[in-house]
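**Q** So the protein sequences, as listed, match chains A and B.
Start counting the first sequence at 1; every next residue gets the next number (the UniProt record's numbering).
Start counting the second sequence at 1; every next residue gets the next number (the UniProt record's numbering).
Hint data in this document are derived by calculation from the structure and do not stem from the laboratory.
One or more of the hints may lead you astray.
As the list claims (entries may be wrong) - Derived Cβ-Cβ restraints for the label pairs, each shown as a range:
#1 Thr73/A <-> Arg360/B: 48 to 58 angstroms
#2 Leu437/B <-> Leu26/A: 51 to 61 angstroms
#3 Thr66/A <-> Gly116/B: 54 to 64 angstroms
#4 Asp25/A <-> Lys292/B: 25 to 35 angstroms
#5 Ile87/A <-> Gln478/B: 58 to 68 angstroms
#6 Leu29/A <-> Gly328/B: 56 to 66 angstroms
#7 Gln478/B <-> Glu11/A: 24 to 34 angstroms
#8 Ser13/A <-> Leu163/B: 53 to 63 angstroms
#9 Ala80/A <-> Glu16/B: 55 to 65 angstroms
Because the structure is a prediction, the values reported are computed rather than measured.
Built from N, CA and C at the ideal position, the CB exists for glycine as well.
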Amino acid sequence: MTTMLLDPTAEVSAATRPRLQRPVDLAGLTVGLMDISKPRGDIFLNRIEALLKDRNIQVKRFTKPTFTRVAPTELKQQIAGEVDLVIEGLAD
Amino acid sequence: MNQADSNDYIAVVVKENCPTCVHIVPALEQMIESGLAVRVISQDNPDFPATVKHVADDRDLGQSWQMAIEIVPTAIRFAGGKEVDRAVGWNRPEWEALSGLSNIAPDLAENRPGCGSMSLEPGRFEELEVRFKGDVMTSRRIAVDAYTDEMEIGFDRGWSDGLPVIPPSEIRVMAMLRGTDRDPSEVIGNVPPNLSPCTVEKVAINAVMAGCKPEYLPVVLAAVETALVDQFCMHGLLATTWFSGPVAIVSGPITKAIGMNWAENALGQGNRANSTIGRALQLVIRNVGGGKPGELDRSTLGSPGKLGFSFAEDETDDFWPTVAMDQGAERQRSSITLFAGDGVHGVFDQKSRNPESLARSFAEPLKTVGHAKSVMASDALLVIGPEHYRVFKQAGWSKDRLREELEKLLVRPGTELIIGAGGIDEGLPTTLKDKMLPKFRPGGLLIARAGGEAGMFSAIIGGWGATGKMGSVPTTGQI
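Extracted from the complex, chain B is given alone in its bound form (with noise of 0.2 angstroms):
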């Protein structure tokens, strides 16, 4: 008998194309000429073997991926319909302890590893998945027919940043829910501006539009977390006339693990996990909850780093703290802190050979962060350069050290900031024309290391000219 039809048999996976199946053939003749029920069940041709009757035909693959195959041949015994035994490749005691016969195919091998599984073949394995599984995403499907270009449909349809999105098919789909043990349907908050419910579903349909791979998944949750955080004010962020988009600065052990990018052009383009997690970020923002430029986004000019802007810090030798850790973060933790930031405003400084020179040159171009006249206002994000820190580092400053340095030296005379000083209209009321006024508030500069080894330069990042309890605060998120 060959063809079972109770619930105790015993099925062999095997293909054709697989030496080592072809090689058990007798075995397997042998084993139904003995009158066990056995079920051949073929990934490749339904007339393999030729000499085995009524082989059951698995060429889409849904038997193999029901019994969860990942070699064979496998033979599996099955009692009362449910698997009792499993034997993995041929090998011919673990063959005879399965089917209870004793000194099968003596001609044979005593051991033969299998072959690959078709069913684990890549696109094949996927497509399966979603065969399978599918129903778990439970977003709204969007066919697209054959004479229709997939890469214009994010244009089409309003997802589109303006650049190119990866069409978000089931099969990228869950592919990029794998990046993560979360459930796709669990809610991870409300998005704005239309404060629309966001799962991790509609986070991975966004990071495949935005071109990041399965591991960076939990950045990206982590990231869309953080910034639906209260403090981090990201409908107001949304809504600006200004040009702050959401900074993401990424630390920890994730950062090396997806190959995020913390070294030369770590601010621009070319590294895929920089370009993307940020990315991403917006696309949720636009997406799900509705944020569109010209629409509740009202900036005035905008910046390009609203298409997403994520870099890695630097984190080759750890005297000085991260910025996360500087938010109470442990540095074996990945983290992400969300800044409002604006664009890149470059600061050079070739000269300095000690810290007090170097220190001076930021504190200039950072008294003019929004405005030469503005204090408390906007925050900033100094990102020192490799050449840079060295200086610090030589003269053992931590970075505590040169934060307290900067604030002393950015605390500006009320007379130089009032309305008309300078000849500027612009300015602070003249009663505080007899004040000392702190450049930023407490907390309001953030200092980061990235950037490549050559070159004597930092890079300051505006911050949105609302912060703290008025506007935005950065914020921290465990990945």
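With the rest of the complex left out, here is chain A (with noise of 0.2 angstroms):
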């Protein structure tokens, strides 16, 4: 069942949340690159690695354990903390 909420605020911003504002430029900036295990996911994100590295922006890979379901907790943690982006393949 829907539950209807009443907005508390001045209704000033969109009743949507806005997505994060993406960087304008990737200097300086470490990327993540998530394979989520789905096949050849892997082969995408192999040459976006090798393209930002001839571009000499650091690159960080993580492995989700499988598609199937959200990533585990520590995973998101570690990702939060060690780079700025990232950047997943999302299907075969």
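Got two chains here, each in a separate frame; can you build the complex from them with the hints?
**A** Following this line, the structure appears as structure tokens:
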């Protein structure tokens, strides 16, 4: 059942939350590459990694145990602590 | 005829789960057989009474709500579509007068009280109120689907002060609004820092989230209104790097009425009204005003009191006036005073049995509010516990007398306060070295009473370093 809540704010911002802003430039940032463990995702991410390294951008690789479940909390915390943004391959 | 199509008919609202309604079925049958236009409306079972054809189904209770049914059975006679007579429960003479029949159902009891209408059952009433009056609430609706934990919404959307907030559902906000006669759309002021217009409804929503009961709402509304008085300087208080937040001192009959705490642990946790009224004010500042830590709220360290800090004054005897009375309020008038204050600094004195000695015990730590070398900077609120209060009362010291004595004790020689004095670089300009300077500006020392019976303790709540015209002035509002 849907519950209707009343907005407690002055309603000056949109009802839906905006996504985080994408960085204008990757210079100086560390990029995480997240493999969700779906077949061939690694091929895509390997290519992205090569392209980023060509541009002298630091890259860290992460792998989710299974694409069927959300990432374990420890992995999400590790990613949040080690990189500035994440690129992930979503499908095969 | 039992299906009334015209505007002239008798409506009878019943429910099967009501012995009186079951008892009067023969009366309904007789009224219908006599040719009266009777519209029987059933709240719980559209097949009841089984002997009546075309019973109107009111299981959603909409018709009962529209007709303001409080008791079943209720018979209402409509003429030209307007109610002209109403009989509540079963009383033969009343029903005969209403129907124009004589000697209705002579085998029935003469009189039987009815049962409560389902439209007034707790939970159902609130649901109906939202269904039929919900449009008085004009805030944007946010739909939460069944798979989302509504307790997480406050965190996800940034409405929370870090603790869980009660989800402000339409039903809860509607119930909260019953705590006031004021129109939900009434604008009570512009809330800093964004100076967003704040309606009674927005205050009610944030009061729900804070955990308030509807009867606290008048206090919360007064707190918000008082915070918006220019001299209180809520914008600066929010934005300061200092520790302070609004400390609400409540007095008058309302404190007993809503169960506020002035006794044991009055400044602490555990009492719903104390814990939620100040929190509701801070949630209004956060959500309506947009004042959030790390954004416009620039406090270096903050204070636990910024979650919300409100307490009641001890008025169990009237020898001393309340803080609000010191500001001009009357005893019998419920009032709220806001003070730009920090955390609680304890003062013990278990040996003084005369007021002169005890006043000196208060004066020493009062000198250190803000900084031991500052004067006329911060205000302070001295909260005196019962065992300390007793010493002053027994000696016949009025509150004014205590304040006067403290003011004398708190005059400081400039030589001790100037830059470099005591080996401390912080201090006043050296040009003030020959002056005698009062610790507090006139009106800058507030004195309240609260606390439990055991313990020769009092509390100093230091204030924001910006006071008077340069900052915040303690401000009293009426509830």
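**Q** Taking each numbered hint in turn, which are not upheld by the structure, reported in ascending numerical order?
**A** Violated: hint 8 alone.
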